[in-house]
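Got chain A; can you put chain B on it based on the hints?
Next come the chains, spelled out residue by residue.
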Amino acid sequence: MSGKHGYRKRARNLLDEAEVEIGDIIRISKGEETYEGALIPRAELSDDDHLVVKLKDGYNIGILVTEELTIKKTGKGSKPKFLCPPPPPKKSSLPKVVILSTGGTIASRVDYRTGGVRPALTANDLYSVVPELSNIAMIKTEILLSIMSENITPKHWEKMAQQISAHIHEGTNGIVVAHGTDTIGYTAAALSFALQNLPVPVVLVGSQRSADRPSSDAATNLAGAVRTAANGPFAEVVVAMHETVSDGSIIFHRGTKVRKCHTSRRDAFESVNALPLARLKDNTVTMLADEYRKRDGQRRLTSKPLFDENVALIKFHPSMNPQIIKWHVDKGIKGIVLEGTGLGHVGSQCFADVKKAIADDVIVSMASQCIWGRINMNVYDTGRELLKIGVIPLADMLPETALVKMMWALGNTENTFEAKQLLTRNITYEFTPRSVFSQAGGRKNES
Amino acid sequence: MNLDYKRLGLKVGLEVHQQIDSDEKLFCACKTKLFTEEPQITFLRALRPTQSELGQVDAAAFFEFQKGVKILYEASHDTSCLVEMDEEPPHELNREALEAVLVVSLLLRAKPVDEIHIMRKIVIDGSNTTGFQRTCVIALGGLIKLGEKPVPIQHVGLEEDAARKMGGKGNLRIYRVDRLCIPLIEVTTAPVLYTPEEAEGTALAIGKILRATNRVKRGLGTIRQDLNISIRDGALVEIKGVQELELISSVVRNEVRRQLSLLTIRDELAKRGVNPNGVEEEFQDITAVFRKTKCKVIREAIDNNKQVLAVNLRNFQGILKTELTPSIRFGTELADVARFWGRVGGIFHTDELPAYGITQEEVHALKRATNAGQDDAVVFVADISENAVDALKAVTMRAKEAIKTIPQETRVAKPDGSTRYMRPRPGSARMYPETDIPPIQISHEYLQRLHKDLPEMPEHRLQRLMHDHGLNRKLAKQVSNSEFSNLYDTVVKNSEISPTLVAVVLTETVKALKRDGVEVDLSDAQFLDLFRLVEHGKIAKEAISDIIAWLSKHRGATMDEAISTLGLDTLSLDKMENLIDTLIEKNRHLLVERGEKAFGFLMGLIMKRVRGKVDAEKVSNIVKRKLEDVL
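Those protein sequence lines, which keep their order, are chains A and B. With the first letter of the first sequence counted as 1, position 311 gets the number 311 in this note's numbering; the numbers rise by one all the way through. With the first letter of the second sequence counted as 1, position 295 gets the number 295 in this note's numbering; the numbers rise by one all the way through.
Bound conformation, chain A alone (with noise of 0.2 Å):
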């Protein structure tokens, strides 16, 4: 960003010609009219033709840049200075978690002079814009990415995956991970798949309403994540958010079978065809999943975390071209997802295509675009069909986690057999072998 923060030809010539810097206190005259404020930074993709100032009663106004307009600096702006408070005193006795961030901003304060929204990253920070973590544990943090999530790329979750167990080797009780929730399914997939034999537990955590405000879900998540990675009994990679629109519970859910189903609600989160793994409320976790891996500090974490990001996930959809798979086939795809229809089906017109991807040594597998429920392609011919094509089902699993773990079953092996076995084995509850009938459908029936 320039020095003079979005503005851009009049407007910045006559900024500069004032000596103008952001937070400056500045006369503007034009015609009649004089307004005197302080000058806020111009958002980037805002139009070059107004200056926005900041009254004297705090609102912001902009106005239109004329020809008749001046501008005089009547005083220099202070920078703003953070006092952090004094930290708290350590609690030695506390167990220990490592927070690492990935560009989500989990704690911020405003600068209420500009309106910038500064995240709190160091641990002090975060102990002074989240008070009690420092009851709950003795934090470490580190930043890992600076990025929002939808730019995270296989490559990004090799590296989480390899730092985390860094920190689980050196001894840690528990890693959080701060992350967009764009993409935090997919992150907590592919670390479930990277991550293997886990002694502690591994929470990712986002939140729906940015941390400035007071009503956010930020801090409630992470201290609920906070304190799960310290104390919780089980050793799983987990998402933490809001389990209602209330603030009273937080809900882990399994890495590999959580999804996000709501494009804004603090409870977006969902566990499609199982439950969700454990639930914290006044301060105390209690486990909902009949099976899990227990915490075991003892354990060796075994990381496998290599991705392939040579794999595609196709949607099938009324009139889709097959050229799309064979442009894919034809780039040297290794591993296509179908996200098909109902119980697991794709148009007749793509047979062809599918059959020459296969041909082509490409694994191509099938999940359903449904979300909630099972891929069972005995039922109908077209099912039949492609079974018989070679199109292997991928029974309960998300479609998103069908595409990590592809990637990661690729990034493992070079032997499309191999590979092939990986992907249909349970290897981190990505498949559950009954569909039990209350987590057959998701519960946003609301809205």
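Please note that a few of the clues may not be correct.
Each computed DSBU-like pair below joins lysine-lysine, with the alpha-carbon atoms no more than 35 Å apart [said to hold, decoys possible]:
1) B:Lys306 - A:Lys281
2) B:Lys111 - A:Lys76
3) A:Lys72 - B:Lys306
4) A:Lys260 - A:Lys356
Keep in mind the hints are simulated off the structure, nothing from the lab.
Just chain B, lined up with the frame of chain A:
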């Protein structure tokens, strides 16, 4: 008590808020109405005070957060969606509301800003699910005249209304989010109002201008004033939520009186040699004193394993019962801070005892236990230890303040014009941009269009109704203030019917019907229809009241149904002449006998049969003509 307010240095600034009558809420498509049924949705939240870059948090908000204050929100499907629940980002700013505020801005001669930036203003008492109120400046500057006195308008804003407080107990507060996000217009004046009357007069003048736009809601709860009041040597006190404009002068008078009384108390305490450092902060557990008490409140507390904690305010005897304003004593102020900071139901103090079932013996015993002499006042509360300690801490803090000064605080207005402690005054408003909604530009062309079509200012309208329409002053005023003001204009503009008749129907007839218990509920289209029928002689004006009443009672019925059910179809001229001829024939004798009185007699006979079906004047003309032949 008549006070010289100018000499006292009274300064009042006004913030007038009124709900805009838009179809939809400010940031979503929900209806702008409230619900009275049981809530269909509830959810529980806590608000966390956010830190600013300077590491400051709102002390009162942080205190409440630490104490685990939770907010239970109530909602209905009709009046709220995920936006009010803070489960979905806001939609775009409602343009109908924006236009209403722009019109008011232009009427107030304020200058609309070129580009509107919506801000988040931190409000953390639970009244906003987000923890902030979305608000923006629409126009700056402006002026209204109060007689000869110019009153500068500082800004005209648009903001979302807050959730309604429905109650609460201990650590729980209950808010209803139906009102949240209803658009509110905000008009603020400079603090240049120097008497209670000026403050009220200005508010009334602003209120009239708002109503002149015909774009604001009416009724209790749709308008709320905040007042900033100070006097020389006193404190700046913010009073929120004055619900009626007519209450403003008494609120101001009461606040001045309250501050003067507090200054008197300060001087009295100084005379007694009370020193802030001398105020005790040690609280005694005096539960034992009340082991056998007949006082219900204390009995219940002790039975529930709570304790009675007391503090001795040395040399405060008599101060707590000193009246500040009618119904408010210094003890009330102590009780209010104890409630706010200690979440207790209230306090007891020796200035008001023995009473409430507490005996003289118990008073003696508690004084002994707290080592209190006859010049002292003992304050005590019965609650769980944590709350009792917080409450007494607040009481001693307030007592210390009383020795030195009047605290700056936010108070809430009560319907009787008194005010009660609400919370300490928050620091300067903490605002930052609402990044979910892009800035909105106001084009010059749009403003010019609005300028061309501005509603009349109230005074101008009054003059026009009197001069151009020939209404008398009373009727003109009634029409101007009426909810049918717009409809009146439409009818008069589009018909030849007498403006006075339209005015009488829309004000007095409607009022009379309401008085008789008829809930007048006709659409503008129905009213127009009705007046057209009168204009074209299809019904007589005498029938209007009956038709309005019938249509109000039969919602969904048509005008034709009303007329035929009520038997109000007008008679054709032929039929009427026939009727008159018949009656004359029948009564020829009598008519001749009566001579000059025959007219009245005949009119009576005829009108009995045709009332409501024909205009009386027409009948009278025909009767006169026909009688001339007979007599």
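Evaluation of the provided hints:
no. : hint                : verdict
1   : B:Lys306 - A:Lys281 : holds (27 Å)
2   : B:Lys111 - A:Lys76  : holds (27 Å)
3   : A:Lys72 - B:Lys306  : violated (64 Å)
4   : A:Lys260 - A:Lys356 : holds (34 Å)
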